[in-house]
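Protein chains in written order, with the working numbering: chain A, 1 to 194; chain B, 1001 to 1421; chain C, 2001 to 2327; chain D, 3001 to 3167.
Keep in mind the hints are simulated off the structure, nothing from the lab. For clarity, every value in this text was computed on a predicted model and none was experimentally measured. Just so it is clear, CB atoms sit at the ideal spot from N, CA and C, and this is done for glycine as well. You may find that some hints are simply not true.
Said to hold, decoys possible - Here are the simulated DSS-like pairs of lysine-lysine, each with C-alpha atoms no more than 25 Å apart in a straight line:
(1) B/Lys1131 <-> B/Lys1381
(2) D/Lys3062 <-> B/Lys1347
(3) B/Lys1373 <-> D/Lys3058
(4) B/Lys1381 <-> B/Lys1096
(5) D/Lys3058 <-> B/Lys1347
(6) B/Lys1338 <-> D/Lys3058
(7) C/Lys2064 <-> C/Lys2036
(8) B/Lys1100 <-> B/Lys1373
(9) D/Lys3058 <-> D/Lys3046
(10) D/Lys3075 <-> D/Lys3062
(11) D/Lys3062 <-> B/Lys1096
(12) B/Lys1131 <-> B/Lys1112
(13) B/Lys1096 <-> B/Lys1112
(14) D/Lys3029 <-> B/Lys1112
(15) B/Lys1338 <-> D/Lys3062
(16) D/Lys3062 <-> B/Lys1100
(17) D/Lys3058 <-> D/Lys3075
(18) C/Lys2036 <-> D/Lys3029
(19) C/Lys2036 <-> D/Lys3076
(20) B/Lys1112 <-> B/Lys1381
(21) D/Lys3020 <-> B/Lys1221
(22) D/Lys3062 <-> B/Lys1373
(23) B/Lys1338 <-> B/Lys1131
(24) D/Lys3058 <-> D/Lys3076
(25) B/Lys1221 <-> D/Lys3062
(26) D/Lys3046 <-> D/Lys3029
Stated by the list, open to error - Interface residues of chain B toward chain D, partial, derived using beta-carbon atoms under 10 Å:
(27) Met1180
(28) Asn1211
(29) Ser1300
(30) Gly1332
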Amino acid sequence: MLEKVSFGVVAFALLWPGFKVVTARNLVHTVFWLGLTLASTAVLFIMLQAPFLAAIQLILYTGGLLTLMLFGVMLTARDQGLLTVPNASHRRAFGGLLAVAAFAMLAMAITQTTTLPASPTAPITTQQLGALVFTEQALAFEVLAVLLLAVTLGAIVFARRGDAGSATENTANSIPARKPLPAPNAAVSQAKGA
Amino acid sequence: MALSTEPGLSAAIGGGSGSVSKSRDGQAASMPTRAFVPDPYLDLARYQADADLLTLSFGPQHPSTHGVFRAVLYLDGEIVVKAVPYVGYLHRGVEKLCEKLSYSNVTPILDKNDYVSPMCNEQAANLAFEKLLGIEVPLRAKFLRTLLAEMQRVASHLLWLGTFAIDLGGALGGGTSVFMYCFRERELILDLFEELTGCRFHYNTHCIGGNRHDIPAGWPKLVHETLGTIDARLDDYLGMLEHPIFVDRTRGIGTLDAELALELGLAGPLARASGIDHDLRRDAPYHIYDQLDVRVACESGGDCWSRYKVRLDEMRESIRLARLLVDNVPAGPISASKPLTNVTQFKITTGQTYVAIESPRGELGTWVIAGGKGTSPLRMKIRPPSLHALAAVPYLFPRYTLSDAVAILGSLDPIMGEADR
Amino acid sequence: MADLLANPWLRGLLQGALLITVMMTAVAWISWFERKFAGRVQSRLGPTMVGPSGLLQPLADALKMFQKQELIPSAADSLLFRLAPPLALFLALGGAAVLPITQGMLASDLDVGVLYVLAFSGLLAFPIWMAGWSSSNKYALLGGMRMVAQGISYEIPMVLAALVPVVVTGSLSLSDIVTYQATHHWLVLWPPGLGLIAFIIFFTMALAEGNRIPFDIPEAESELVAGPATEYTAIRFGLIASAEYVHSLITCAFASTLFLGGWDGPFLPPLCWILIKTVGLFVLITWLRWSLLRVRSDQLMALCWKYLVPLSLGILLLTGAFIQWVG
Amino acid sequence: MGYLTATVQALYSTLRQSLKKPTTVEYPKVVRPRAARLRGSFALLKDAAGDENCIGCKKCEKICPSDVIALTTVKKPSPVTGKSRGYASDFTLNLQGCIICELCVQVCPADAIVMVREQERPAFSREDLVLTMDRLYRNGENAERLAWATASILAETQDPERTCLKK
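Produce the entire structure from the sequences given, and follow the hints as far as they go.
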């Protein structure tokens, strides 16, 4: 009984923020609600006796992904991240259609796999997971690693392009797009020469 | 600019600026002449001003603006792109007030200008008045004034060191520890001033013609002991302060070169840190500095670290001078003029003069035009070193981060009381 | 009654309440200790007025915090502004659940205790950022951004350093790690040298995570007034402040569990040992705080990315090799 | 590595400082000895016979740089000697604007106004910081509290003819 009530609570804590993610008008609020959704998912993992997955969910999704999204919001949005989501009616209709389609697909998938057990009979240990990752799934793991590396490099390239110069290193040579700030006396002597 | 009238200054510039004449004639022609560039960093065309830059109103109510200084910072991320300083939040109209007060009443008002070294304010004004009146201060008073000035320099630099440490280390960290130690030492000096004058802060101990308070019995011995204690204790915690973190935060930060320092009219420790070997105590002696061998501290880096070094060396030198002076105070009267009995005792009907002394922050000048009824100055202008130091803000802040801006402002050691007057 | 306690949910609730009470009480006196310590270091007296030698000062502070008027800036984002402080305290306290205090005395013996603590403490950057962003204050915003930027920098060396004990013991469970240390070696000494380096890296990054000097960059009072907490008043400010203390305390307990043998130690009962180690580390943190200056944001990141990430990867590799070939 | 050793050194340094005696005292409970010359607040003095020293010459009012002294003069026979001379019928000194410059003490021809070594305590209302004549005379009753300086002592110190002073 108590288990069902608590599942209900967690399910609500998962669905309601999920709903808010879609409806929130403020990007930062969206990120916040998304965080709640992801954290609730972690709680669900714990209830399924998969604590390793829960911890990873917290570290990677709630921790890492949210941080990245914050960076995205702060770097792209103007006026302190208060970018509002476009809300035209045809977009709404399109979004709704998409949501209904996705929901239908998921519902079909769920109704058709009736043999899935509520929780695995013997909980998968961390060691098993580790062994799996480094043997059977090694290729996928490595491909993912390469992909992430590429993403990191791309991010650095994008970030460097917008660099205005930093206190510790002179970026004059690496940024052709923006001219470096003049040293105090360079400016003065330029004016003197002019 | 007041500095350019000082003979020998241009010749005092260290190596590295070949365009400056090395002659000692001190003529204006030998000074580097440049068009004044009001704002060399107004290069906002590269930015979409409202999107790329964060405009930060830094002060006047900010923990590390040393009072009520305000600078509008244009930040690209954390990096300052442009800084516009605003002064005047502490403007008290002192110069105008001095026109209303009689000559004898000006001194206590000026104490509040540079409230970290009030002795020097008093000396600057009284030296000017004495010059106009043609009064020669007795030797004992000269010694006493020199001694007080040097002790005040130690106290002032101690306060600077403490606040600089706070700027770097935060109000809730190791910076506060250094701050507290510095204040502990500074209090010892203030105790001595209290013994002598009866006040810890706004002394009103100098008067036209000399000093108002004579040295009490046993005081010289106390001075000796106290300064010895401070000298020893400084070693105690400088080891802690000069941590690699401190070096990283100060070395190469806020570089100010000699040419720009001259252009802005900087003097004192700021100029000396930039390689301008100039000290009024040695180059235009007053009091009894002509009889003293003042070893002027000079560095060439021009960064926060050099400014720290210069002030520290100065502190040590001042301790040495003060201990030397206190043993040699001659007997005699401490005032050349009759004790004050009347508001209008001193009358100066005509003439004008400019007198500058080396305050802990640099050249503190007083320009007095006498006239009118003769009981009060017709016009009085104070040249505060802090105001000139703040003029360096737009040149020093850009290219550095907000954290460095705080450190740079701290290293400039501005006292808003005297900058705004 | 026994039936009720048998129910894991109710028992968890009770244990949680107990843990929170203990932690908050500990934090109150720890904050007293820090103030007294700071006073002594700075040649002052510290709190003296409330109670004998100021011992009741934390109570007075809490009372003051509770009865102060709470101001919420009109431009602030009301929801996030109100939520951030309790969330910060929640995340800070969350890590305490899996810390083994003595043999068998822990709220929850998770298989992945190490990951769990790391996850909760890593998430702490998020409410701090929320506080900074929602205040609608530029200083607070800068502080929040510094927090996030700092967060992704210190996290990696910290996790890598924490993995050294995991690799040695072959378990992610904190009680297993302590048991290993009780029967074999303390992990600060084993593998020789590597354990010590891992501990130093972990401890340094814990300073950064707890916003402690020399890494209290997000709240840097002399630069950002109070960072993300600039606009906070009354009890919400108190919550943020106590979250920091709770977090420091838990990190100390975590570090002593991972590296210093947890409850293990001669002569004294286990409870004493874990307390001695935790408080000892906290004293060290406090002592460092009042002795060092603050580094700059980019200096911290350079330290993390240029030196500590390669270093911790290296020692992790060496530890693996050590376990493989030496034992 | 340099960081580590320097940090240890810093820790050692603060430890050494923390073992020293604290320099602060609990102020209201412990009051440090006050300097003999300390300028705290003001007092008006009476002579040995109990006659008021103040002659109502208004010199202090005129010299005050911040205009905080106000007095009205009255000419009346002295209650002690019976001779008619000037008195202050009302004397107020507003401490809110006072800058403790000691100039009023210096110019007083009758050594009437002097300073006491204790400061006025902070007050709840502005009126409490105005020293009335009553309060000034009450301040002067305890000779222990008085500061060193009177007009004649200051004049003697500053006498330009004074030569035989020991070093």
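Check: Does the alpha-carbon distance linking B/Lys1131 and B/Lys1112 stay inside the 25 Å limit?
Finding: holds, 23 Å
Note to self: Run the distance test for B/Lys1221 versus D/Lys3062: straight-line Cα separation, threshold 25 Å.
What the structure shows: violated, 39 Å
Check: Going straight from one Cα to the other, do D/Lys3046 and D/Lys3029 come out at no more than 25 Å?
Finding: violated, 32 Å
Item checked: Hinted contact B/Asn1211 with chain D - closest CB pair below 10 Å -> holds, 8 Å
Next item on the list: Would you check the hint for B/Lys1338 and B/Lys1131, treating anything up to 25 Å between C-alpha atoms as holding?
Entry: holds, 17 Å
Notebook entry, point to check: Going straight from one Cα to the other, do D/Lys3058 and D/Lys3046 come out at no more than 25 Å?
Noted result: holds, 17 Å
Note to self: Check whether the Cα positions of B/Lys1381 and B/Lys1096 lie no farther apart than 25 Å.
What the structure shows: With Cα atoms ~9 Å apart, B/Lys1381 and B/Lys1096 stay inside 25 Å; holds.
Notebook entry, point to check: Holds or violated: C/Lys2036 with D/Lys3076, Cα cutoff 25 Å?
Noted result: violated, 63 Å
Next item on the list: Double-check B/Gly1332 for me: the hint is only fine if its C-beta lies closer than 10 Å to a C-beta in chain D.
Entry: holds, 6 Å
Item checked: Restraint status (C-alpha distance of B/Lys1338 to D/Lys3058 at most 25 Å) -> Since the Cα atoms of B/Lys1338 and D/Lys3058 sit roughly 20 Å apart, the hinted pair holds (cutoff 25 Å).
Next item on the list: May I ask you to test the interface hint for B/Ser1300 with respect to chain D, counting a Cβ-Cβ separation under 10 Å as satisfied?
Entry: violated, 24 Å
Margin query: Run the distance test for D/Lys3062 versus B/Lys1373: straight-line Cα separation, threshold 25 Å.
Written below: holds, 16 Å
Of the hints listed earlier, those the structure fails to meet are numbers 14, 19, 25, 26, 29, in rising order.
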